[in-house]
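Q: Residue-level listing of the chains:
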Amino acid sequence: MKRITIASTAAVGIVALLAGCSAGAPSDGKVTLSYGLWDSNQLPAYEQCAADFEKTQDDIKVKVEQVGWDDYWNKITTGFVSGENFDVFTSHVAFYPEFQASGQVLPLDDYIAADKLDTSIYQDGLLELWQDPDGVQYGLPKDFDTIALFYNSKFTDAAGYTADDLASLTWNPQDGGTYEDVIAHLTVDANGVRGDEPGFDKNNVATYGLWMEASGGADGQTQWSFLTASLGWSQTDKPWADSYNYDAPEFADTISWWHSLVEKGYMPSLEAQTGISWADQLIAGKAALVPNGSWMTGYVFDSASDGFAPAIAATPVGPDGKSWSMFNGLADNIAATTKHPDEAWEWLKYLASTDCQDVVADAAVVFPAIKTSTEKAVAAFEAKGVDVAAFADHVTDGTTVLYPITDHKSDVNATMTPVMEAIMSGKSGTDALIAANDQVNALFK
Amino acid sequence: MVTTVATKPIRRSDFRSAMIFLIPALIGFLAFFAWPTVRGVYLSFTEFNLLQPPEWVGLDNYVAIAGDPVFWNSLVVTSEYVVINIGVQTIAALVLAVLLQRFTRSMMVRGVVLLPYLIANVVVALVWFWLADYNLGLINSGLDALGFDRVGFFGNEALAMPTIALINVWRHLGYTTLLIFAGLQAIPRDVYEAAEVDGAGEARTFFGITLPLLRPVLAFVLVITLVGAFQIFDTIAVTTGGGPVDATRAITYYIYERAFGRFDFGYASAMSVILMLILGAVALIQLRVLRANDSDLER
Chain C
19 MKRITIASTA
29 AVGIVALLAG
39 CSAGAPSDGK
49 VTLSYGLWDS
59 NQLPAYEQCA
69 ADFEKTQDDI
79 KVKVEQVGWD
89 DYWNKITTGF
99 VSGENFDVFT
109 SHVAFYPEFQ
119 ASGQVLPLDD
129 YIAADKLDTS
139 IYQDGLLELW
149 QDPDGVQYGL
159 PKDFDTIALF
169 YNSKFTDAAG
179 YTADDLASLT
189 WNPQDGGTYE
199 DVIAHLTVDA
209 NGVRGDEPGF
219 DKNNVATYGL
229 WMEASGGADG
239 QTQWSFLTAS
249 LGWSQTDKPW
259 ADSYNYDAPE
269 FADTISWWHS
279 LVEKGYMPSL
289 EAQTGISWAD
299 QLIAGKAALV
309 PNGSWMTGYV
319 FDSASDGFAP
329 AIAATPVGPD
339 GKSWSMFNGL
349 ADNIAATTKH
359 PDEAWEWLKY
369 LASTDCQDVV
379 ADAAVVFPAI
389 KTSTEKAVAA
399 FEAKGVDVAA
409 FADHVTDGTT
419 VLYPITDHKS
429 DVNATMTPVM
439 EAIMSGKSGT
449 DALIAANDQV
459 NALFK
Chain D
522 MVTTVATKPI
532 RRSDFRSAMI
542 FLIPALIGFL
552 AFFAWPTVRG
562 VYLSFTEFNL
572 LQPPEWVGLD
582 NYVAIAGDPV
592 FWNSLVVTSE
602 YVVINIGVQT
612 IAALVLAVLL
622 QRFTRSMMVR
632 GVVLLPYLIA
642 NVVVALVWFW
652 LADYNLGLIN
662 SGLDALGFDR
672 VGFFGNEALA
682 MPTIALINVW
692 RHLGYTTLLI
702 FAGLQAIPRD
712 VYEAAEVDGA
722 GEARTFFGIT
732 LPLLRPVLAF
742 VLVITLVGAF
752 QIFDTIAVTT
762 GGGPVDATRA
772 ITYYIYERAF
782 GRFDFGYASA
792 MSVILMLILG
802 AVALIQLRVL
812 RANDSDLER
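In order, the protein sequence lines correspond to chains C and D.
Sequential numbering from 19 applies to the first sequence in the working numbering.
Sequential numbering from 522 applies to the second sequence in the working numbering.
So here's chain D without its partners, still in its complex pose (with noise of 0.2 Å):
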């Protein structure tokens, strides 16, 4: 136990340090983060309608979400967006970064890349949503001058999560371009050039190299995009407002309504504490199955 008593001090001395120049954060985070969900819990329990006080009604919201279909469908259709954005999107980065590593050294063309990312998302949403108009967007008259009938993208009902979630790929594809970019230059070139010497081929490097090696920063990367996608609201709200009929209505926009639209405060706090509890246990599975936190480089 000498290593302790050595430490002692020296751990005492940095923890008041330390606190000095973790307070600011600390204050922030309590302010904006521990308080607010605190409230947001005890007010799940509430039946509150901003104007008057809360009043305390047990589990009472909470029994009303298990029964309330308009719920049961946003979880659907927020999952349906989730799906298909994180899994076009992920897929479509790996692929773009392994084409920028491989081909390109330019910082031009990695600029270009990231170009979506730095539109503000309501911008967009609004952008696309005119394009896509089906009597006077550009892209619809395209169609009709190539001859195929005019899609009605943010109207119909089967496409509009599909034509939202694909909006914010084109949006997003960039930033987590770069992300796994960055991943795959941190792959050292060594084993590579071990796998070119024993004759891999490019897809036996692919899967048997870069992927495994990429992991942590895969698990990173779905963890965050996940857990943003399942957040996903300014499109919508722009948009579709969450018809037509409920195909939009996602969990958040749901919530939204909720509070904002009907001053059901109480209601909405407590899908919003579901909503907590759904992204939590999503990421603890993804980062225990992913085992992002020990990489195959440490040999």
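Only chain C is shown next, with the shape it has when bound in the complex (with noise of 0.2 Å):
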């Protein structure tokens, strides 16, 4: 009798199994997509618009699903592997190459054409992003970051720097312009002595003028890309070029420049900094200006406290007159797994639109990539009594550079990191870097 239970239960345990394997294939003349996003922040905004995709849709549901960054990219890859994956995704630049180069996602150009999609809507330079190097359409965007400082107002109140003051900061690699002087200025040590006064104790300092975010690796994003780009440096001089620029005198002088605010104290070491992340150190007090993206106003702004007043800056002005920030942008692809890809297009085409962007910018987390969905967000950040003109200005001013893509994006980056390390801790000076340029462009042969 036993037996038998246990062998029914076993043969009910399957089917349920087989049964839930399948789940999502159209039961009732409907079609389930299943749609993936990594920020939890987000999914409030992606869920509203999966509800409002529903009600224009008489046969398609959507489910969104998020994951945390690390287990979403091996869902992701796992999920191109077994066939049971996302039918539509978030991607990332750092990702699409890969998936893109091995036929994992689906082109887009004959959706676009037939459905003959403006795409003349979105901030300029986005579109390209997602194109391959033959120019084929991937993703649509989806949203955009650029960078400013991050800085704790109390302490530049007490430095005596207003916010104007802050704004209009210059910038060169001898010596540093007036970003270097106030990063001095703003440096305090242990016996409140600042930076630029006499008897400043380097290796006892309480705040620091400026945070090391680790070395900045092959991109910079947020660490030194936005004063290479003022030199009129970048990685690379195209999208999807296949030589790298790191042996420029450009990016030595930069790096020299960056790493001679360790050896004054105004910045930590590699080995200081090496622990908790910038933005706790900047809400603590152990930081007085750290340039970052934007996807961390809302983290920072929600810490301010009596100690801790956060405002934002925009990057300072370089030996070119302009303010400069790197500009990456996230898109939707399509898996090619996906059993329902016309589906599937009909629901990207809904997070590309105004509809949904409009409703992601409402709630004031991240930039929209469509021009007039930018500006709504620009007014929600405000609405919360955030100032992200510092940001948003890059794109209507122009100033920004493309995150760089490549093919082997992250040999590129296994190879650079180290390096930089290296030189960020001192251990090697900026000659290295030739070398370590030898060894990237090597990639491409």
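Please note that a few of the clues may not be correct.
[What the hints assert, rightly or not] Derived DMTMM-like pairs: lysine to aspartate or glutamate, alpha-carbon spacing no greater than 20 Å straight-line: (1) K220/C <-> D665/D; (2) K282/C <-> D670/D; (3) K256/C <-> E268/C; (4) K134/C <-> D360/C; (5) K445/C <-> E678/D; (6) K220/C <-> D670/D; (7) K357/C <-> D128/C; (8) K48/C <-> D76/C; (9) K172/C <-> D320/C; (10) K357/C <-> E83/C; (11) K463/C <-> E568/D; (12) K445/C <-> D767/D; (13) K463/C <-> D581/D; (14) K463/C <-> D589/D.
[Stated by the list, open to error] So, partial list: chain D residues that the calculated Cβ filter (under 7 Å) puts toward chain C: (15) D654; (16) G673; (17) F675; (18) G676; (19) G782.
[Stated by the list, open to error] Chain D regions said to be covered by chain C (calculated; three or more residues, Cβ under 8 Å): (20) 564-577; (21) 644-653; (22) 759-769.
The set of hints was computed from the structure by calculation and includes no laboratory data.
Small disclaimer: the values here were computed from a predicted structure and weren't measured.
Don't be surprised by glycine CBs; every beta carbon is placed ideally from N, CA and C.
Each of the two chains sits in its own frame; use the hints to bring them together as a complex.
A: Dropping the structure here:
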């Protein structure tokens, strides 16, 4: 008797398991699409988009799934192999070249042409990030990010700087301009002596003027890319280039200047910055000024306290007279494993429309890719009491450099990161960049 | 040959029922150990990025590994970890086990000794990472208050690997102690009584009786902990991520990076095969040298 029960339970279990595997297949004439994203802050907005979308469709349902960053990419890559994957997913330029090169994401050009989609509504440059070297479109832009300076206005007030002072800093790789002056003055040692005053003890700093967020590796997105851009330098000459420019003197000069801040005691050493993240160091008063990305705005401003009054300033103006930012954007891709490509396109198109991006804008978490939605997001941030002009102005002023996108991206990162860490820890000089560049370029041969 | 005739039928019937009981374990072994090993060895001779079918490249991966400075460095830093972790942990566990046996019968104390082992590795690593933070960590605040210089436990190239090794000593000490403690209790009391009658002192008893009689247990503990130590991964993954520079890029972490970070599954498989051979050799040498199979207790 008992044996029979066990056998039948097992059989029921297996049936249930099989049924579970085929979930998502149309059961009542409806197609259920799965949509993946990694940022839990944006989940409510996209669930709203999905609900709105379902109202416009008779036979498509959307299941929004949020998975943390690391597991997210493991799920997607293994999903390509197993065939069980998101139909549509949020994609990042660090991963998508690999997917596109191996045919795991669907090209969109035929759909775009058939629906006569207006692709000029997005912020300039974002569409190009999601094309392959031959110009085939694989993703439609959803949001973008830029770089600005987060600072603690308690410290800048005490040092006698106004918001206007901080918004008009200058920089050059020789003496660091007023950017370095401000950083020096905001640095305070344990005895209360400022970095530009006599008797400053650089080995016993209580508050660093500038925080180093690791070495920046191959991109320096939040660390130094806004400085090098003002010298006319970027990692590559164009998207999908097959060589890098790490051997250029402009880059070496910028990194030398940046490392000199460590020697002067204005910025923690590589050793001293390893540990708790930059944002918490800023919040805890260990740093006065940190350049970082617009995606951190929510976290920083939610942490305001008696000792921490967050504010944002534009990146310093370089020798070319402009303030620069690296520019990166996310897009949605359709997985080649989807069984419902046409329905997936309908959803992707909706995600890339003002209907959905205005909803995302109202959430005031990120900047949507559509120009009019970006303005709505800026207003939504303002309503929360956060002035994000320092981020948003870069796209209207056209002072952005694209995040470097090439083949072998992960190999380039793996090569450059140890080299940059060796330079920033003072173990090797910037001449190591020349050999590193040869090593990087060898990847493309 | 009377015995064989007598045992044969019994053996056959034993074999059949034994097989029935072994089948679940066998299925697990074949599905989760044997097949992945065979597949891993095959992949080590291919170029494979997971998204496209593997392509046979013969010994190319192994040749490339032989000329990869990051791989050789990973062996050096892994060895550094193993030596510090196993050296400190084994000696400390031995001392602690002897103390436990001599001075307390309290289950409470034994429980407390085991406590760190009950906390997840990742949690242990993160808590120490925050405690040891250069600017905000409790340890450095303490050092600063006492007038010492702050120390970049995870950020200093020379200190990062020893720090990680000692954190894992902290976590695994209790478990290792308990294993050795169990071995101590298996040593018959009459041997110690005889030693006492013969007038042997504490040190003489320890080196003349305890250590030799503990040898099989120590051999087991060393093989298990050493093989485990070579596979250090989680603490590195949640703290230094292989840095600063390459100071904590241990072999398993490098394998992970190559496979899941750089989609170089063939290369990563080849390094895994090399690691498997190293671990096999280490375990074999240890078992031979420590004669784990025979005990001095068999009089």
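Q: Of the numbered hints stated previously, which ones are contradicted by the structure, given in increasing order?
A: none
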